[in-house]
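Student: Just so you know, we're using our numbering here: the sequence shown kicks off at 1 and counts up by one.
FYI, nobody ran anything at the bench for these hints, they're computed from the structure. A portion of the hints provided could be inaccurate.
Unchecked claim - Each computed DSSO-like pair below joins lysine-lysine, with the alpha-carbon atoms no more than 30 Å apart:
| no. | residue 1 | residue 2 |
| --- | --- | --- |
| 1 | Lys50 | Lys101 |
| 2 | Lys438 | Lys486 |
| 3 | Lys526 | Lys355 |
| 4 | Lys525 | Lys486 |
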Amino acid sequence: MDCQRAENGTARIRAEADRVLAAEPFSRSPVLSRLLTYLVERTLAGEPIKSYTIAVEGLGRSEDESEEADTYARVAVGRLRRALSSHYESQPPGDRLHIDKGTYEVRIVTGGTLVAHANTTGRSRALHRLPINRTSLKWLAALVVLLGVAAFLFDWWSERIDPVWLVNDMPTVSVVAAATGPVSESARDQLEAQRQELTEALSHYVGLRVVEDARNSEFVVQLHTNPTGQGTDVNIALMEKASHRVAWAEDFRRESAADERSADDIAALIATPGGALNSYLRRRGYNADTPRGCWLRFTAGVQTFNTIGDEDLTECARAWYRASPQRPTAAFLYGWTLTDRSVWEMQGKRDRTLKEAIGVLRQAVTLNPDVAPLKLALTRAYAFSGDRALLVQAANDAIRARQSNRLVKGMAASLLAFWNVPAGETLLHELKVESGEKFPWEHVGLFIAAMMRNDVQSAQPHILHLERHNTGQPLLLLLRAAYFAKAGQRAESQTALRQLRSDPRILLSGPDAVIGQLPMAPEVKKRLSEWISPSR
């Protein structure tokens, strides 16, 4: 009878696992599907499930990274538990897969009752036959004490995590579309298709949450069309619902298919660090003591290459990741700031910090393979670590993952240019926003590409654009000094070098040390040094 019940439990686990794997988000997430399948098979086989085997066998972690397996497995299985819980919230009562905290074994829960399968039933019966003596009781007592201490330490640690970091307070955005006056059915269908495309394009960015129902959103992107005799007037606006304030708006006239504003361009104008949404929120004021405030601090700094050395950003990213390591944006910021921190550290410590940054980001990419900004942050970490092959691979992965994310494409292409990869410059020339210009980091990438060709004339417009930004940043001062020296304007070049040397971080090291720390290929650093040399 016990054997029959166990076989029944096994069949029910397999059947329920098949149902879960066919539903969202499992059907869209190879990582969740692979992990659940692996845990089910190991559980039903009665085989021990350890962090190492989950990381290496279940999720394809390399054996070289086994030292991080425990953390990696706990985060992955924690995400799986949350996905299962979210899935069953919308399901009718019945069999449910369940993974107890502290274990990796999969069970079936029905009406609060756990259903065991054959192998676990056999093990339970065998345990009851074990003899108990005084030595066993002593070990048992010691185990109870250790568990009590562990529980106390866990409670103490949990209490020190500020609950504010557990709340997702990122702004919510929805897209609505409307037409003024009578329009054809095909025109209405086209407008709805544009709304859906923009919704999809916005969802590729971090730092905001895209929702379908405008009643549940903080901001609304309005697509409004008005057919006229000669064409169609189009208005795009980002509005804050609570205040009815328009954060950004644009009008244009569509007279042909060539006048179509792409969803990718609109999303870039709204959701990039310098886009309408983040700019509006920064103008309203913020403190870096919540997830939203931490993200806004990053968006402000990345516009002026000012995230390196920002202690407030480093601290909030650490606090957020510590509380919510499963959040993609928290992992993105923590990996980014770890990479930043490595810049001013001594070589040995620098290598350890970069290794930690790469570990955090690789883990996050595995758990969130569709979040392209994580792959961008990983590309950047490889650029600082000096690994050309892994950088090129990560950059291409990031670009392929989300073609519509302008932040990812522009920064990944710039990093390729930093490493003298021709594809980087090609992609940078292709990028454009119809109503604006390239982003600052794209100008840096194009300056580097021109410098590698010794093309002073092509480098000029990019250095002039960067003049608008914080020229007190070491990288921008170096580029300015290099350009003016190569252009024969020695006085301007020397002024930039004096500003660079006045930075307390540079005072004892000098320009050569700064060049050595840049996330660039050796041949690019050599060329930059050559351009500067007339002004030394």
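Student: All hints, please: hold or fail.
Tutor: Against the structure, the hints:
1. For the given pair, lysine 50 sits about 14 Å from lysine 101 by alpha-carbon distance, which is consistent with the 30 Å threshold.
2. For the suggested pair lysine 438 and lysine 486, the alpha carbons sit about 24 Å apart, so the restraint of at most 30 Å is met.
3. Using a Cα cut-off of 30 Å, the hinted pair lysine 526 and lysine 355 holds, with the two alpha carbons roughly 26 Å apart.
4. In summary, the hint linking lysine 525 to lysine 486 is supported, as the alpha carbons are separated by about 15 Å, within the 30 Å threshold.
Violated hints for the displayed structure: none, as all numbered hints are satisfied.
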